[in-house]
Amino acid sequence: MQDAWEDVDPDELSYEELLALGEVVGTESRGLSTDTLACLPSIIYKTGSDQHGSNDSCVICRVDYEDDESLTILSCKHLYHPECINNWLKINK
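Take the sequence shown: its letters are residues 1 to 93, numbered as in my numbering.
Some hints here could point you the wrong way.
Said to hold, decoys possible - Distance ranges between label pairs, derived from CB positions:
no.	residue 1	residue 2	range
1	Asp64	Pro10	43 to 53 Å
2	Ala38	Leu18	48 to 58 Å
3	Arg30	Pro10	18 to 28 Å
Stated by the list, open to error - Mimicking DSBU-like on lysine-lysine, the simulated pairs with C-alpha atoms at most 30 Å apart in a straight line are:
no.	residue 1	residue 2
4	Lys93	Lys77
5	Lys90	Lys46
6	Lys77	Lys46
7	Lys77	Lys90
Calculated directly from the structure, the hints in this document are not laboratory data.
By construction, the Cβ of each residue, glycine as well, lies at the ideal position given by its N, Cα and C atoms.
Full structure from sequences and hints, please.
Take a look at the structure:
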């Protein structure tokens, strides 16, 4: 069945044909799972600490971190508000 769709231009398909194509192709989850997000490490932010370099604000929401705030730290050592990075990672890897 998949071979029948190889030379098809999606712009020329009807709604029903697009649905059928979607069933053949399937879906792809681009983001991380909830379980994976729950395993991301976190740290407690301390003003003036060198543990975070010059990263004093979340690059996603641009809000400064506060003392004793729990932040997510990725393997690249960048810090983020958990809600900011989790929302981003749910749709991107």
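Hint-by-hint comparison with the structure:
1. In this structure, Asp64 and Pro10 meet the distance hint of 43 to 53 Å, their C-beta atoms being roughly 45 Å apart.
2. Judged by the Cβ atoms, the range 48 to 58 Å given for Ala38 and Leu18 is violated: they are separated by roughly 35 Å.
3. For the pair Arg30 and Pro10, the beta carbons lie near 19 Å from each other, so the given range of 18 to 28 Å is met.
4. Simply put, Lys93 and Lys77 have alpha-carbon atoms about 16 Å apart, close enough for the 30 Å limit, and the pair holds.
5. The suggested pairing of Lys90 with Lys46 holds, with an alpha-carbon distance near 27 Å, which does not exceed 30 Å.
6. For the suggested pair Lys77 and Lys46, the alpha carbons sit about 15 Å apart, so the restraint of at most 30 Å is met.
7. At most 30 Å may separate the alpha-carbon atoms for a hinted pair to count; Lys77 and Lys90 meet this at roughly 19 Å.
Checked against the numbered hints given earlier, the structure breaks only hint 2 and satisfies all the rest.
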